[in-house]
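For reference, the chains in residue letters:
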Amino acid sequence: MKKDNSEYLITRDNNIYEVVIGLEVHAQVISNSKLFSSSSTTFGAEPNTQVSLVDAAFPGMLPVINEYCVKQAIKTGIGLKAQINKRSVFDRKNYFYADLPQG
Amino acid sequence: MTIDLKTIKHISKLSRISVDDEKAKKLAVDMNSIFDFIEKLNELNTENVEPLTSVVETMLKLRVDKVISKDIREKILKNSPEDNEDFFVVPRVVE
Amino acid sequence: MSEITSQTLTELVENIKNKNISSEETTKAFIKRGEKSKDLNVYITQDFSSALNKAKDFDKNPNFELKLPGIPIAVKDLFCTNKVKTTAGSKILSNFIPPYESTVTQNIWNEGGILLGKLNCDEFAMGSSNETSFFGNAQSPIDKGLVPGGSSGGSASALAANLTPITIGTDTGGSIRQPASFTGTVGLKPTYGSCSRYGIVAFASSLDQAGPMSKNVKDCALLQEIISTYDEKDSTSIDFKRNEYSKDLTSNIKGKKIGIPKEYRVDGMPKEIEDLWTKGIEYAKVCGAEIVDISLPHTNYALPAYYIVAPAEASSNLARYDGVKYGYRSKGENLIDMYEKTRSEGFGDEVKRRIMLGTYVLSSGYYDAYYLKAQKVRKLIKDDFDEAYKKVDAILTPSTPSAAFKIGEKNNDPVSMYLNDIFTVPVNLAGLPAISIPAGLDVKGYPLGLQIIGKAFDEQNILNIAYAMEEKIEFKNKITDWWIK
Numbered sequence: 001m002k003k004d005n006s007e008y009l010i011t012r013d014n015n016i017y018e019v020v021i022g023l024e025v026h027a028q029v030i031s032n033s034k035l036f037s038s039s040s041t042t043f044g045a046e047p048n049t050q051v052s053l054v055d056a057a058f059p060g061m062l063p064v065i066n067e068y069c070v071k072q073a074i075k076t077g078i079g080l081k082a083q084i085n086k087r088s089v090f091d092r093k094n095y096f097y098a099d100l101p102q103g
Numbered sequence: 001m002t003i004d005l006k007t008i009k010h011i012s013k014l015s016r017i018s019v020d021d022e023k024a025k026k027l028a029v030d031m032n033s034i035f036d037f038i039e040k041l042n043e044l045n046t047e048n049v050e051p052l053t054s055v056v057e058t059m060l061k062l063r064v065d066k067v068i069s070k071d072i073r074e075k076i077l078k079n080s081p082e083d084n085e086d087f088f089v090v091p092r093v094v095e
Numbered sequence: 001m002s003e004i005t006s007q008t009l010t011e012l013v014e015n016i017k018n019k020n021i022s023s024e025e026t027t028k029a030f031i032k033r034g035e036k037s038k039d040l041n042v043y044i045t046q047d048f049s050s051a052l053n054k055a056k057d058f059d060k061n062p063n064f065e066l067k068l069p070g071i072p073i074a075v076k077d078l079f080c081t082n083k084v085k086t087t088a089g090s091k092i093l094s095n096f097i098p099p100y101e102s103t104v105t106q107n108i109w110n111e112g113g114i115l116l117g118k119l120n121c122d123e124f125a126m127g128s129s130n131e132t133s134f135f136g137n138a139q140s141p142i143d144k145g146l147v148p149g150g151s152s153g154g155s156a157s158a159l160a161a162n163l164t165p166i167t168i169g170t171d172t173g174g175s176i177r178q179p180a181s182f183t184g185t186v187g188l189k190p191t192y193g194s195c196s197r198y199g200i201v202a203f204a205s206s207l208d209q210a211g212p213m214s215k216n217v218k219d220c221a222l223l224q225e226i227i228s229t230y231d232e233k234d235s236t237s238i239d240f241k242r243n244e245y246s247k248d249l250t251s252n253i254k255g256k257k258i259g260i261p262k263e264y265r266v267d268g269m270p271k272e273i274e275d276l277w278t279k280g281i282e283y284a285k286v287c288g289a290e291i292v293d294i295s296l297p298h299t300n301y302a303l304p305a306y307y308i309v310a311p312a313e314a315s316s317n318l319a320r321y322d323g324v325k326y327g328y329r330s331k332g333e334n335l336i337d338m339y340e341k342t343r344s345e346g347f348g349d350e351v352k353r354r355i356m357l358g359t360y361v362l363s364s365g366y367y368d369a370y371y372l373k374a375q376k377v378r379k380l381i382k383d384d385f386d387e388a389y390k391k392v393d394a395i396l397t398p399s400t401p402s403a404a405f406k407i408g409e410k411n412n413d414p415v416s417m418y419l420n421d422i423f424t425v426p427v428n429l430a431g432l433p434a435i436s437i438p439a440g441l442d443v444k445g446y447p448l449g450l451q452i453i454g455k456a457f458d459e460q461n462i463l464n465i466a467y468a469m470e471e472k473i474e475f476k477n478k479i480t481d482w483w484i485k
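Chains A, B and C, in that order, are what the protein sequence lines are. Counting in the numbering used here, the first sequence runs from 1 upward without gaps. Counting in the numbering used here, the second sequence runs from 1 upward without gaps. Counting in the numbering used here, the third sequence runs from 1 upward without gaps.
By construction, these hints were calculated from the structure, which means they are not laboratory data. Any given hint could turn out to be false.
Unchecked claim - The calculated lysine-lysine pairs, modelled on DSSO-like cross-linking and capped at a C-alpha distance of 30 Å, are: (1) C:K341 - A:K93; (2) A:K93 - A:K71; (3) C:K91 - C:K455; (4) C:K376 - A:K86; (5) C:K410 - B:K25; (6) C:K32 - C:K218.
As the list claims (entries may be wrong) - A short list of chain C residues far from chain B (calculated; beta carbon distances all over 12 Å): (7) E14; (8) K19; (9) S50; (10) N61; (11) N110; (12) K144; (13) T236; (14) N243; (15) K247; (16) K254; (17) Y370; (18) D383; (19) Y389; (20) P414; (21) A456.
Claimed, not checked - Derived coverage of chain C by chain B (criterion: at least 3 residues anywhere in the stretch with Cβ under 8 Å from a Cβ of chain B; other residues may be distant): (22) 320–329; (23) 335–341; (24) 344–358; (25) 397–410.
Glycine included, each C-beta is placed from N, C-alpha and C at the ideal position.
In isolation and in its complexed conformation, chain A is listed as follows (with noise of 0.2 Å):
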């Protein structure tokens, strides 16, 4: 996004600052799957009966993407005017904590 850049920089101590704030949204995509397992994402359910094998982080599962929430980020960015990038790469992380079941 351009802006222009006088308007965020303060002065201070002979030093230049630069204000930059970020807002981390969290917004669910309203899809019947997973981002990455074909189980149901419908509100309310049983505990662990919209877990797949995938989900579950089994031996030898493997993610397959949405295919609808891959156009909806593309339309989220439209919409936000953002530049849409038309090479995309994943970087996994990787912590440990009990509700998190591939580590």
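Using the hints provided, position chains B and C relative to the given structure of chain A.
Just chains B and C now, kept in the frame of chain A:
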């Protein structure tokens, strides 16, 4: 690059694998030996080389947004180390 | 008709189709031999009574249109088999019973194959000698006290010992080709993306590939056409035109250009390996191929790059083994304690070493210097092959830097164990297909293999070259049944 005991303890924490002091010492020796071997890569100038993330030039496959996996709770819980019909049971997480 | 367990897969299929033998007789023969072969320690799980029932069912209602009609087959314990224990050679999965089947094994059962049992392997496919398995070493049928190679050591051993007519293994850095070379058998690592990875316990996702291990090239081609299918459940599965490899198999390789990479002539290369390679070149010429000298300049950097990429990916793939959902769980005072104890007790030393190595190279501050660097070197290695393939159709090298070594010989130094993969690893980094065929014996009479590397998706070509050379080499495996009780 020398891997010392402190580093071993740090990695041990990151990877959630506990290591006693004796094992940590042996690990440090082994890892240093492996790193000496790996350091060879520094001989190469790779400044303008693109990292290879995928061996095959292909577009990521997109899955149709349809529910296929339905209520397999029994299957999911069958191998669970601690018996419970509905949940996975683990040591208390929240105090 | 020769003894059932000595027959090749092709012979068995023919005999079953001609009703010379039944599936029940065949299965009984392999079970009987398996029961006498406990000293080889190739089986982690035997599914013998179930196999026999399936064989009887097949005989009641035989379908001779199938490519593996009633053929009993044992498979590496890295393939998830529905309702049959799958351990990956590890304590952490020692009680795991998958409620699903891997695509590759399902393809085998769909063609009439019958599961005999699950074969021993290095833990999580990490190893080159089948010495890291929680279930103990697998012995080689070639000689007592010898490693069968790894990680598909149990598969290679069972195959060479005639306990299974054919089998499948997985290859991440050489784990099909090296044990094939050590046991005098044929092993093919297909192009990355050729066989589905769905249901295979993952080690390094950008390198893993399942493949056939067989007594001869024709059998190998048959199994490859069965297991190689496009699979929507694996995002890295490639939809390309797959041949009927066994039908299109030919020994006519006249005019094919075969490259000899000078960088594979490593320092201190044993003379017998050098001689084997020279002999191989001569055989290729006799078959009508044209020999071309080529250069793969970054060959020496393949092994170091592999030992960054593979452990890094393994550290991510093995993060799921935490004792929460399945497998071994150790009692802990709290969740973190449970994780730490479970993983410390559940994983063996080599696996822990590689996870920690992988975690380190991916950690903050080191990612660029190691992992990113290794991925760049990987690009250079792939480019080397792409360049070479402008001039040649395939590449011929030795499979391993030596014949099989003694159990325990290389345990003290991880790096000396890693050097076993020196000729096989570049192939995985570039995602290419490669086949190892037995080509000679060393001074002690132990098998040595030659490797033929192909262009991506060009399995037919390397199978043909292997087929032609196999005919000229006339290798005979000397199995003395030393372990039979």
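Hints versus structure:
{"no.": "1", "hint": "C:K341 - A:K93", "in the structure": "holds, 22 Å"}
{"no.": "2", "hint": "A:K93 - A:K71", "in the structure": "holds, 23 Å"}
{"no.": "3", "hint": "C:K91 - C:K455", "in the structure": "violated, 38 Å"}
{"no.": "4", "hint": "C:K376 - A:K86", "in the structure": "holds, 22 Å"}
{"no.": "5", "hint": "C:K410 - B:K25", "in the structure": "holds, 20 Å"}
{"no.": "6", "hint": "C:K32 - C:K218", "in the structure": "holds, 26 Å"}
{"no.": "7", "hint": "E14", "in the structure": "holds, 36 Å"}
{"no.": "8", "hint": "K19", "in the structure": "holds, 40 Å"}
{"no.": "9", "hint": "S50", "in the structure": "holds, 19 Å"}
{"no.": "10", "hint": "N61", "in the structure": "holds, 29 Å"}
{"no.": "11", "hint": "N110", "in the structure": "holds, 20 Å"}
{"no.": "12", "hint": "K144", "in the structure": "holds, 29 Å"}
{"no.": "13", "hint": "T236", "in the structure": "violated, 7 Å"}
{"no.": "14", "hint": "N243", "in the structure": "holds, 18 Å"}
{"no.": "15", "hint": "K247", "in the structure": "holds, 26 Å"}
{"no.": "16", "hint": "K254", "in the structure": "holds, 30 Å"}
{"no.": "17", "hint": "Y370", "in the structure": "violated, 7 Å"}
{"no.": "18", "hint": "D383", "in the structure": "violated, 9 Å"}
{"no.": "19", "hint": "Y389", "in the structure": "holds, 14 Å"}
{"no.": "20", "hint": "P414", "in the structure": "violated, 5 Å"}
{"no.": "21", "hint": "A456", "in the structure": "violated, 7 Å"}
{"no.": "22", "hint": "320–329", "in the structure": "holds (count 8)"}
{"no.": "23", "hint": "335–341", "in the structure": "holds (count 7)"}
{"no.": "24", "hint": "344–358", "in the structure": "holds (count 7)"}
{"no.": "25", "hint": "397–410", "in the structure": "violated (count 0)"}
The structure does not agree with the numbered hints 3, 13, 17, 18, 20, 21 and 25 stated previously, though it agrees with the rest.
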